[in-house]
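Peer 1: Here are the chains, one letter per residue:
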Amino acid sequence: MVEPVLDVKGLEKSFGALKATNGASLDLRPGEIHALIGPNGAGKSTLINQISGALAPDAGSIRFLGTDITMLDTARRARMGLARTFQISSLAQEFSALRNVMLAVQARQGTSLRFFRPVASDVSLTEPAMRMLSRVGLADRANVPAAALSHGERRQLEIAVALAMEPKAFLLDEPMAGMGPEGSKALTGFLDGLRREAPILLVEHDMDAVFALADRVSVLVYGRIIATGSVSEIRNDPEVRRAYLGEPA
Amino acid sequence: MGARETTVNVLLVLLLPAVALTALFIGEAFYITLATRIAILALAAVGLNIALGLGGLVSFGHAAFFGLGGYVAGVLATHAFNMEPVAFGLPGTTAMPAIWLVAILLCGLVALPIGLVSLRTSGVYFIMITLAFAQMIYYFAISWPAYGGEDGLSLSMRNGFPGLNTAKPFPYFVVVFVLLLAGLLLFHRLRASRFGAALEAARQNPARLAAIGISPFAIRLVAFVLSAMITGLAGALFADLNRFVSPSMLSWHMSGELIVLIILGGKNRLFGPLAGAALYVLFEYALGGLTERWQLFLGLVLLAVVFFARGGLIGLLAGRPRHG
Ligand SMILES: Nc1ncnc2c1ncn2[C@@H]1O[C@H](COP(=O)(O)OP(=O)(O)OP(=O)(O)O)[C@@H](O)[C@H]1O
Ligand SMILES: [Mg+2]
Chain A
1 MVEPVLDVKG LEKSFGALKA TNGASLDLRP GEIHALIGPN GAGKSTLINQ
51 ISGALAPDAG SIRFLGTDIT MLDTARRARM GLARTFQISS LAQEFSALRN
101 VMLAVQARQG TSLRFFRPVA SDVSLTEPAM RMLSRVGLAD RANVPAAALS
151 HGERRQLEIA VALAMEPKAF LLDEPMAGMG PEGSKALTGF LDGLRREAPI
201 LLVEHDMDAV FALADRVSVL VYGRIIATGS VSEIRNDPEV RRAYLGEPA
Chain B
1001 MGARETTVNV LLVLLLPAVA LTALFIGEAF YITLATRIAI LALAAVGLNI
1051 ALGLGGLVSF GHAAFFGLGG YVAGVLATHA FNMEPVAFGL PGTTAMPAIW
1101 LVAILLCGLV ALPIGLVSLR TSGVYFIMIT LAFAQMIYYF AISWPAYGGE
1151 DGLSLSMRNG FPGLNTAKPF PYFVVVFVLL LAGLLLFHRL RASRFGAALE
1201 AARQNPARLA AIGISPFAIR LVAFVLSAMI TGLAGALFAD LNRFVSPSML
1251 SWHMSGELIV LIILGGKNRL FGPLAGAALY VLFEYALGGL TERWQLFLGL
1301 VLLAVVFFAR GGLIGLLAGR PRHG
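Chains A and B are the protein sequences, given in the same order. Sequential numbering of the first sequence, starting at 1, is according to this note's numbering. Sequential numbering of the second sequence, starting at 1001, is according to this note's numbering.
Don't take each hint at face value.
Among the chain A residues that face chain B by a calculated CB cut under 10 Å, a handful are [unchecked claim]: (1) L82; (2) T85; (3) A92; (4) F115.
Source of the hints: derived by calculation from the structure; they are not laboratory data. Ideal placement from N, C-alpha and C gives every residue a C-beta, glycine not left out.
Whenever a hint applies, use it, and build me the whole structure from the sequences.
Peer 2: Here it is as structure tokens:
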């Protein structure tokens, strides 16, 4: 069997009395889209935050590319090739779309301790950044400050920033949220191709997108993964139908 | 930068040499000293502006570096005068370039541990911890009799610069002004650079910066150290201007004054520190003669800036900043 890119084992995380992650294990294999679904408040974002390093788990381990990264900080994990997007867009608001992506390009190059050369005229940053903006269809909005972009455009910019990191795995937290039917459809097509570049752990409420894209689906309820399987296995799993898809048993 | 901001900046740069030259020709040395004072405070604030303006790090302890720079000038000159080695057989000196180098390096060295500790916190805790470190250095200076303790340390004469008679006000103004220009150029290049982009992102959204693989802590630490070095250089110049250095340069009033300069001028604006320093010194000069309570009026101006002109003087004159 192929070694998984990302291997999460037995994660636990409590906020006070609330057990937001309760012994969650999952893995991400090369070339796949692994969807993580579950009702609101199930702990999906909390899980993503632990994998990306934004939150420290109480117990459990996270291996990435064969290395235990449980103790590494967010920046180190990102440099190893773990790119995440945020459920609520999180960008440098005063910077233009282009400069947001340029920052990710310079992070990828590891050249942030350069003090003199102006970035604005630096094609080794602007050119790749522009390419990423084009890929997500934001090229004509390159010079607009992130704060002035529409909600949907900010979602696209999040993806462009992640692309610029040339990651080994994507963690996407509800990339379709608030995109509208057109945007969701376009993004579904885009993610379909993206899995060839790096596998994707996809948190998503849009079931059409999930069922169209996912190689495997995991269902998270109250911090626990109650089932993992192919789309058809998940659709026909009685426990999933009861707990999540809202059907009587 | 907008065309209007460029015009305002050019006028501001020309202001100080214009005042100093006029004063030179009409024989009013006092105004040269006033212009020199503005330039030095502006340079100190340019340093702080790297941390505060670009990085959003409200250091309430930059007087530590300003005073440290001042003491480097005073202590090295005293040892040179008395022909006693400073430490490890190293002699003192009255050569400004050597003094500047020592001041810059020492401030960087001191800023490193202070930054390592205080940058683990943020917001009001960061303000308090930087203040606490500065106060420690302040009390250390007060209680150390070797260099004058509470009374401070006088320089028997201004330190020298090769080829210039720095004892005269105008040549010394030129030295200071050139260093101010260098400081402004450095700030300008820094802000436009990759480091500047990372630092400004650390201010806007540290979680985003970490998520793309740049540690906000590391970027801020470098910024804090650079910032301290420039403020320390200004401190050495200040000691030479007054031919006197005392613990008051290290006091929290001084830290507050530097923050006020930046807020007055416009934070994160290239020329904010210069505009703020000019305004501050003019206030001190114009109102200080009339009433001892001039700081009361300064307080009112500061209130007006905070409520009506967030961009400070530069914002008022040149409009909102442009971002690429
Ligand atoms: N920092 C925090 N402190 C306290 N409680 C938290 C924190 N973050 C999340 N929670 C709680 O943990 C639970 C899981 O939240 P989480 O955001 O992970 O859910 P989610 O599955 O992503 O939900 P959604 O689908 O609405 O995005 C929720 O009950 C939430 O209120
Ligand atoms: Mg969520």
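Peer 1: Take the hints in turn and mark each one as holding or not.
Peer 2: Checked hints:
1. L82: 9 Å, holds
2. T85: Constraint on A:T85 satisfied, holds at 9 Å.
3. A92: 4 Å, holds
4. F115: A:F115 check passes; min Cβ-Cβ to chain B is 5 Å, inside 10 Å.
Violated hints are absent here; each numbered hint is respected by the structure.
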